[in-house]
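Here's the letter readout for the chains.
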Amino acid sequence: MSAHQQPVSAFWWLHQWSYLLFVLRELSSVFVAWFVVYLLMLVSAVSAGQGPYEDFLAWSGQGWVLVLNVVALAFVLLHAVTWFALAPRAIVVPRVPPWVVLVAHYLAWAVLSAGVVWVVLR
Amino acid sequence: MKNTPKTITMQVTRFRPGEDEAPVVQSYEVPLRKEWAVLDGLNHIKDHLDGTLSYRWSCRMGICGSCGMTVNGKPQLSCATFLTDYAPGPVRVEPLRNFPVIRDLVVDISDFMEKLPKVKPWLIHDGEPPEGEFLQTPREMDEYKKYSMCINCMLCYSACPVYALEPEFLGPAAIALGQRYNLDSRDDGAEDRRDVLASAAGVWACTFVGECSTACPKGVDPAGAIQRYKLTAAVSALKDYLLPRGARR
Amino acid sequence: MSRRSPEPLVWLLFSGGGMVAALLVPVLLVLFGLAFPLGWLPAPDHEHLLALVRHPVTKLVLFGLCAMALFHWAHRFRYTLYDGLKLKQASTLIIVVCYGTAVVGSVVAGVVLLRA
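Chains as they are written, first to last, in the UniProt record's numbering: chain A, 1 to 122; chain B, 1 to 249; chain C, 1 to 116.
One or more hints might be untrue.
The calculated lysine-lysine pairs, modelled on DSS-like cross-linking and capped at a C-alpha distance of 30 Å, are [as the list claims (entries may be wrong)]: (1) B:Lys34 - B:Lys6; (2) B:Lys145 - B:Lys239; (3) B:Lys6 - B:Lys46; (4) B:Lys115 - B:Lys34; (5) B:Lys46 - B:Lys146; (6) B:Lys218 - B:Lys118; (7) C:Lys88 - B:Lys115; (8) C:Lys86 - B:Lys239; (9) B:Lys6 - C:Lys88; (10) B:Lys218 - B:Lys74; (11) C:Lys59 - B:Lys120; (12) B:Lys46 - B:Lys239; (13) C:Lys59 - B:Lys74; (14) B:Lys218 - B:Lys239; (15) B:Lys218 - B:Lys145; (16) B:Lys46 - B:Lys74; (17) B:Lys46 - B:Lys120; (18) C:Lys86 - B:Lys115; (19) C:Lys88 - B:Lys118; (20) C:Lys59 - B:Lys118.
Examples of chain C residues toward chain A, derived with CB under 7 Å [as the list claims (entries may be wrong)]: (21) Leu31; (22) Ala35; (23) Phe77; (24) Gly110; (25) Leu114.
A partial selection of chain C residues facing chain B, derived with a Cβ cut-off under 10 Å [unchecked claim]: (26) Glu7; (27) Trp11; (28) Arg76; (29) Lys88; (30) Thr92.
Simulated from the structure, these hints should not be mistaken for laboratory data. All C-beta atoms, glycine included, are put in the ideal place defined by N, C-alpha and C.
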């Protein structure tokens with residue numbers, strides 16, 4: 001049959017804001033991976049001693065590292081917000097309305113964040 | 001508004017197999033009336049301006065699912081999308097994306113028609129049927145009611161970039177319909193559907209873009225159905241890995 | 001399609017990693033990526049952090065975070081390459097590179113944390 005096949009552009013994700021947001025959400029994972037690298041560098045520096053830890057603090061204050069971490073934070077927040085928004089649609093608890101599942105995630109986020117701050121700054 | 005224009009331009013994609021190499025756009029001026037849907041505009045063209053225009057429609061009330069088209073870039077039921085919402089125009093009317101175009105606005109839906117029965121969208125009941133009615137509480141019905149609203153209009157397939165890129169993907173509506181029966185208290189077919197739903201071309205192909213649920217004119221939320229099934233399938237798979245054969249289920 | 005497909009398991013790792021990353025990474029990134037370097041908060045002294053990092057519970061939590069977050073990245077990035085760049089043809093290579101990196105990264109994380 002001589003049906004016309006509608007082509008799909010490699011840049012389909014630029015054609016619509018919601019598609020672009022989807023791709024940005026997926027790319028947040030790159031910054032999650034960057035954070036793992038950053039965290040492991042911090043742990044190595046701390047375990048190597050006082051001097052290396054201070055070197056790490058100085059390095060983490062450099063312009064490009066700060067910019068990278070600001071961008072990473074924006075993407076990680078995008079990840080967190082979209083992740084929590086999707087959670088009630090995957091986790092369906094009998095007789096519990098979806099908004100309760102959503103609120104539970106945000107509560108867990110708040111409690112864990114406060115816990116981490118407390119442990120680190122204690 | 002005082003100077004409301006009395007007409008609107010409809011830019012309709014035409015494709016005449018054997019004549020056109022590729023689709024071409026043809027513009028028509030149609031009356032702009034507040035009660036007119038895009039479909040009424042097309043009917044006006046067909047009846048008064050150009051009888052050769054081809055498109056599918058039937059019920060005009062969002063039940064039959066046959067008049068899906070791309071209106072100003074979005075998948076819509078043309079009977080439920082009003083011309084005044086696009087005033088002063090022009091309004092672009094294209095065939096549903098992600099399907100081969102047979103002629104003008106008519107697309108080939110055979111891919112979907114082949115996939116749909118694979119999820120066994122009917123009640124599978126072990127044992128004897130009950131005497132009389134198959135009883136179900138309102139709460140049991142609420143479990144699946146949302147998914148049963150699907151009218152097979154395929155707007156979700158048209159909105160789905162995964163289906164666009166991976167034509168073997170089972171797709172939003174078929175998976176949501178599988179879930180509609182899995183979640184029905186009268187059904188025992190979840191195991192039968194699992195090989196199809198929990199396959200690489202089934203739920204695992206979905207990356208939760210979520211546009212299927214945005215496009216759905218019936219509030220089915222196929223993206224949610226898929227995500228929910230992923231969790232179910234992953235837990236079942238984990239049991240398969242961890243438990244000895246006899247202890248499964 | 002075989003029931004023994006690894007897809008559900010990598011999806012569980014992806015989901016677990018996504019959850020851990022959403023819950024823990026923002027606060028850690030704010031503290032160690034911005035607040036301490038920019039002096040919004042005084043950086044914790046070395047002794048305290050060393051004690052913290054050497055605590056077995058911290059090691060376990062950080063290892064879980066690192067490994068699962070890496071698998072989260074691997075899974076998402078794999079599909080981003082498939083869809084965003086239409087690279088489904090190179091699927092085997094992409095799978096090896098993505099999950100391979102996550103495995104190697106997890107081993108590195110384990111070694112760094114054990115030796116801390």
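Outcome of the hint check:
Proposed proximity of B:Lys34 and B:Lys6 is supported: the alpha carbons are some 10 Å apart, at most 30 Å. With a CA separation close to 29 Å, the supplied pair B:Lys145 and B:Lys239 stays within the 30 Å bound. Between B:Lys6 and B:Lys46 the CA atoms are separated by roughly 19 Å; this keeps the pair inside 30 Å, and the hint holds. Proximity of B:Lys115 to B:Lys34 is assessed by CA-CA distance (about 39 Å); at most 30 Å being required, the pair is judged violated.
Between the alpha carbons of B:Lys46 and B:Lys146 the distance comes to roughly 36 Å, so the proposed pair goes past 30 Å and is violated. The straight-line distance between the Cα atoms of B:Lys218 and B:Lys118 is roughly 22 Å, inside the 30 Å bound, and the hint therefore holds. Proximity of C:Lys88 to B:Lys115 is assessed by CA-CA distance (about 21 Å); at most 30 Å being required, the pair is judged to hold. Annotation: proposed proximity of C:Lys86 to B:Lys239 is violated, straight-line Cα distance about 34 Å (limit 30 Å).
For a cut-off of 30 Å, the pair hint linking B:Lys6 to C:Lys88 is broken: about 50 Å separates their Cα positions. Between B:Lys218 and B:Lys74 the alpha-carbon distance is near 16 Å, which keeps this suggested pair within the 30 Å criterion. Restraint check for C:Lys59 and B:Lys120: not satisfied, since their Cα atoms lie roughly 48 Å apart, outside the 30 Å limit. About 58 Å separates the Cα atoms of B:Lys46 and B:Lys239, which puts this hinted pair outside 30 Å; it is violated.
With a CA separation close to 50 Å, the supplied pair C:Lys59 and B:Lys74 exceeds the 30 Å bound. At most 30 Å may separate the alpha-carbon atoms for a hinted pair to count; B:Lys218 and B:Lys239 exceed this at roughly 35 Å. Between the alpha carbons of B:Lys218 and B:Lys145 the distance comes to roughly 11 Å, so the proposed pair stays at or under 30 Å and holds. The hinted pair formed by B:Lys46 and B:Lys74 meets the criterion: a straight-line CA distance of about 23 Å does not exceed 30 Å.
With a C-alpha separation of about 38 Å, the suggested pair B:Lys46 and B:Lys120 falls outside the 30 Å cut-off, and the hint is violated. The hinted pair formed by C:Lys86 and B:Lys115 meets the criterion: a straight-line CA distance of about 23 Å does not exceed 30 Å. Restraint check for C:Lys88 and B:Lys118: satisfied, since their Cα atoms lie roughly 24 Å apart, inside the 30 Å limit. Using a Cα cut-off of 30 Å, the hinted pair C:Lys59 and B:Lys118 is violated, with the two alpha carbons roughly 48 Å apart.
Annotation: interface hint on C:Leu31 holds; nearest CB of chain A at approximately 6 Å, less than 7 Å. Using the Cβ-Cβ criterion of 7 Å, the hint placing C:Ala35 at the interface with chain A is not satisfied: the shortest such distance is roughly 9 Å. Using the Cβ-Cβ criterion of 7 Å, the hint placing C:Phe77 at the interface with chain A is satisfied: the shortest such distance is roughly 6 Å. Checking C:Gly110 against chain A: minimum C-beta separation of about 10 Å lies over 7 Å; hint violated.
Nearest Cβ of chain A to the Cβ of C:Leu114: about 10 Å, over the 7 Å cut. The hint is violated. For C:Glu7, the shortest C-beta to C-beta distance to chain B is roughly 4 Å, which falls under 10 Å, so the interface hint holds. For the restraint placing C:Trp11 at the interface with chain B, the shortest Cβ-Cβ distance is roughly 6 Å, inside the 10 Å limit, so the hint holds. Checking C:Arg76 against chain B: minimum C-beta separation of about 8 Å stays under 10 Å; hint holds.
For C:Lys88, the interface hint holds, since its Cβ comes within 10 Å of a Cβ in chain B; the closest pair sits about 7 Å apart. Contact between C:Thr92 and chain B, as hinted, is not supported at the beta carbon level, the nearest pair being about 13 Å apart and thus beyond 10 Å.
In the structure shown, a violation is registered for the earlier hints numbered 4, 5, 8, 9, 11, 12, 13, 14, 17, 20, 22, 24, 25 and 30, in ascending order.
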